[in-house]
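In the order they appear, the protein sequences are chains A and B. With this note's numbering as the guide, the letters of the first sequence map in order to residues 1 to 256. With this note's numbering as the guide, the letters of the second sequence map in order to residues 1 to 131.
Calculated directly from the structure, the hints in this document are not laboratory data. In this text the structure is predicted, and so the values were computed from the model without any measurement. Yeah, the Cβ is synthetic: ideal placement off N, Cα and C, and Gly gets one too. A couple of the hints might just be wrong.
In silico BS3-like cross-links for lysine-lysine, where the CA-CA straight-line distance does not exceed 27 Å [to be verified]: (1) A/Lys214 <-> A/Lys111; (2) A/Lys243 <-> A/Lys139; (3) B/Lys89 <-> A/Lys32; (4) B/Lys89 <-> A/Lys178; (5) A/Lys32 <-> A/Lys139; (6) B/Lys89 <-> A/Lys177; (7) A/Lys40 <-> B/Lys89; (8) A/Lys106 <-> A/Lys214; (9) A/Lys32 <-> B/Lys82; (10) A/Lys237 <-> A/Lys106; (11) B/Lys43 <-> A/Lys32; (12) B/Lys4 <-> B/Lys41; (13) A/Lys32 <-> B/Lys4; (14) A/Lys178 <-> A/Lys79; (15) A/Lys40 <-> A/Lys139; (16) B/Lys82 <-> A/Lys40; (17) A/Lys139 <-> B/Lys82; (18) A/Lys243 <-> A/Lys136; (19) B/Lys89 <-> B/Lys79; (20) A/Lys55 <-> A/Lys243; (21) A/Lys177 <-> A/Lys79; (22) B/Lys89 <-> A/Lys139; (23) B/Lys89 <-> B/Lys43; (24) A/Lys111 <-> A/Lys55; (25) A/Lys40 <-> B/Lys79; (26) A/Lys55 <-> A/Lys136; (27) A/Lys32 <-> B/Lys79.
Just so you have them, the derived chain A footprint on chain B, three or more residues with Cβ under 8 Å [as the list claims (entries may be wrong)]: (28) 85 to 92; (29) 112 to 122.
Here are the computed distance ranges between Cβ atoms for each label pair [as the list claims (entries may be wrong)]: (30) A/Leu233 <-> B/Lys82: 36 to 42 Å; (31) A/Lys214 <-> B/Arg44: 42 to 48 Å; (32) B/Pro113 <-> A/Lys40: 28 to 34 Å.
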Amino acid sequence: MTLTRRKFLKAASVAALVVSARPSAGRAFELKGRMSPGPKALQAGQWGMGVDMNKCRGNCRDDCLAACHEIHNVPYIPKPEHEVKWLFLEPYENAFPERSHRFLSKRVREKNFFLLCNHCEDPPCVRVCPTQATFKRQKDGIVMIDYHRCIGCRFCMAACPYGSRSFNFRDPRPFIKKINPEYPTRHRGVVEKCNFCQELLEVGRIPACVEACKEGVLTFGDLEDPTSVVRELLSEKPHIRRKPDLGTGPSVFYIT
Amino acid sequence: MFNKGWVIGGIIVFVAAAAFPFYWYQIGQGKPFPKLELPAKEKRCVESVEFMRANHMRLLDAWRIAVVRDDLLIYTSTKGDKFEMNLHKTCIGCHTSTERFCNRCHDYNDVVPPCWDCHVAPSEIGKGEQS
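Using the sequences and the hints, build the whole thing.
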């Protein structure tokens, strides 16, 4: 029997084709049912927030921060290097380092600013995530984390210019005062941050911090809709964003 | 053939050892399949029992992707029933004990899914930190 090189290559390529074609046919799993958005879900092109610092007292830790951290099972870890936070307060010079001039007005200097994930238009955290665990939702612009996919590499934390992300250096469960059973906790080794209360929006509620603030500091709405409360507020009052020169396009606006 | 006795004898011993779990189970010595506690009130699951038994993990995976990435919430099953795609409300709403439902079968099959590392199992509700 003579097997020429030509014949061998032909047979080998046919065999390779057969072998490679088979597994992909059986692998795909398709769910037969249909999926649809919640009937009461709030929808937007890009969710955004206005923070009116003229109204904010900047020290009522019990309201917005507590409301958020309670419903999302955010642990309170006293050790600062292990701290996990979704919302946090920082003085002006930390929030707006490029604007912290020599003589700041008293109003600005003495206040803590309400900070959270900016849900950027072009989020650097999403660009660096090697597993696509963090992503920007096409539909409403929320920057989310799929904790199932997060491998804890913390590239996103390095990329985020706003310090909005926290890493679970240890099991957060023992540090949660009262666990909300309707929302998962996190696991040691994943990064977490504010999700603009995606789980409330999908059932027709606004974010917990906005709901909790009694001073009316926080305004939440669709940035792409010129008639939304946020856009109306922004068209009336001068406002700033954090580190706009980086080009990330933050969706949180501060009225100072 | 050299060493006929050893070779054939060896093959018989190997097959007998490799097939041990199958005939051991057939003669009734194996660990019996565990009895799962089914919800008392609700008789319909999201999909048929056979489908759920084989594919519940894939269904949960597809649900997660739909909710987290595509902002979807309602699942309409092949029978036309509507369910919220929510592990806590929908699944745990009926199967109120993970120990007597999930774990029994997972233990039997020796699989350890990490669901309850993050999601709050019904038995964990109310527990918290003291200090």
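A quick look at each hint next to the structure:
1. Distance check on the hinted pair: A/Lys214 and A/Lys111 sit about 17 Å apart at the alpha-carbon level, within 27 Å; holds.
2. Restraint check for A/Lys243 and A/Lys139: satisfied, since their Cα atoms lie roughly 25 Å apart, inside the 27 Å limit.
3. About 21 Å separates the Cα atoms of B/Lys89 and A/Lys32, which keeps this hinted pair within 27 Å; it holds.
4. Pair hint B/Lys89 plus A/Lys178 holds up; C-alpha atoms about 19 Å apart against a cutoff of 27 Å.
5. The suggested pairing of A/Lys32 with A/Lys139 holds, with an alpha-carbon distance near 23 Å, which does not exceed 27 Å.
6. Straight-line distance between C-alpha atoms of B/Lys89 and A/Lys177 comes to about 22 Å, which keeps the hinted pair within the 27 Å bound.
7. A distance of roughly 17 Å separates the Cα atoms of A/Lys40 and B/Lys89; the hinted pair therefore holds under the 27 Å criterion.
8. Of the pairs offered as hints, the one joining A/Lys106 and A/Lys214 holds, with about 24 Å between alpha carbons and a cut-off of 27 Å not exceeded.
9. Only pairs whose Cα atoms come within 27 Å are accepted, and A/Lys32 paired with B/Lys82 is accepted, the gap being roughly 13 Å.
10. For the suggested pair A/Lys237 and A/Lys106, the alpha carbons sit about 20 Å apart, so the restraint of at most 27 Å is met.
11. Distance hint between B/Lys43 and A/Lys32 is fulfilled; the C-alpha atoms sit about 20 Å from each other, no more than 27 Å.
12. With a C-alpha separation of about 64 Å, the suggested pairing of B/Lys4 with B/Lys41 is violated against the 27 Å cut-off.
13. Under the criterion of a C-alpha separation no larger than 27 Å, the hint pairing A/Lys32 with B/Lys4 is inconsistent with the structure, at around 56 Å.
14. The suggested pairing of A/Lys178 with A/Lys79 holds, with an alpha-carbon distance near 19 Å, which does not exceed 27 Å.
15. Between A/Lys40 and A/Lys139, the direct Cα distance comes to roughly 16 Å. Compliance with the 27 Å bound is thereby established for this hinted pair.
16. With a CA separation close to 15 Å, the supplied pair B/Lys82 and A/Lys40 stays within the 27 Å bound.
17. The hinted pair formed by A/Lys139 and B/Lys82 meets the criterion: a straight-line CA distance of about 23 Å does not exceed 27 Å.
18. For a cut-off of 27 Å, the pair hint linking A/Lys243 to A/Lys136 stands: about 20 Å separates their Cα positions.
19. For the proposed pair B/Lys89 and B/Lys79, the alpha carbon gap of about 20 Å is at most 27 Å, so the pair holds.
20. Proposed proximity of A/Lys55 and A/Lys243 is supported: the alpha carbons are some 22 Å apart, at most 27 Å.
21. Distance check on the hinted pair: A/Lys177 and A/Lys79 sit about 16 Å apart at the alpha-carbon level, within 27 Å; holds.
22. With a C-alpha separation of about 24 Å, the suggested pairing of B/Lys89 with A/Lys139 holds against the 27 Å cut-off.
23. As the CA atoms of B/Lys89 and B/Lys43 are separated by approximately 16 Å, the hinted pair is consistent with the 27 Å bound.
24. A hinted pair counts as satisfied when its Cα atoms are at most 27 Å apart, and A/Lys111 with A/Lys55 qualifies at roughly 11 Å.
25. Proximity of A/Lys40 to B/Lys79 is assessed by CA-CA distance (about 23 Å); at most 27 Å being required, the pair is judged to hold.
26. This hinted pair does not check out: A/Lys55 and A/Lys136 have alpha carbons roughly 31 Å apart, beyond 27 Å.
27. Among the hinted pairs, A/Lys32 with B/Lys79 is consistent with the structure: their alpha-carbon atoms are about 10 Å apart, no more than 27 Å.
28. Counting residues of the region 85 to 92 of chain B whose beta carbon lies closer than 8 Å to any beta carbon of chain A gives 3, which reaches the threshold of three, so the coverage claim holds.
29. Evaluation of the coverage hint for the region 112 to 122 of chain B: fulfilled, as 6 residues show C-beta separations to chain A shorter than 8 Å, against a requirement of three.
30. Range check, A/Leu233 to B/Lys82: Cβ separation about 37 Å, and the 36 to 42 Å hint holds.
31. Under the hint 42 to 48 Å, the C-beta atoms of A/Lys214 and B/Arg44, about 44 Å apart, fit the expected range.
32. A C-beta distance of roughly 31 Å is found between B/Pro113 and A/Lys40, which places it inside the suggested range of 28 to 34 Å.
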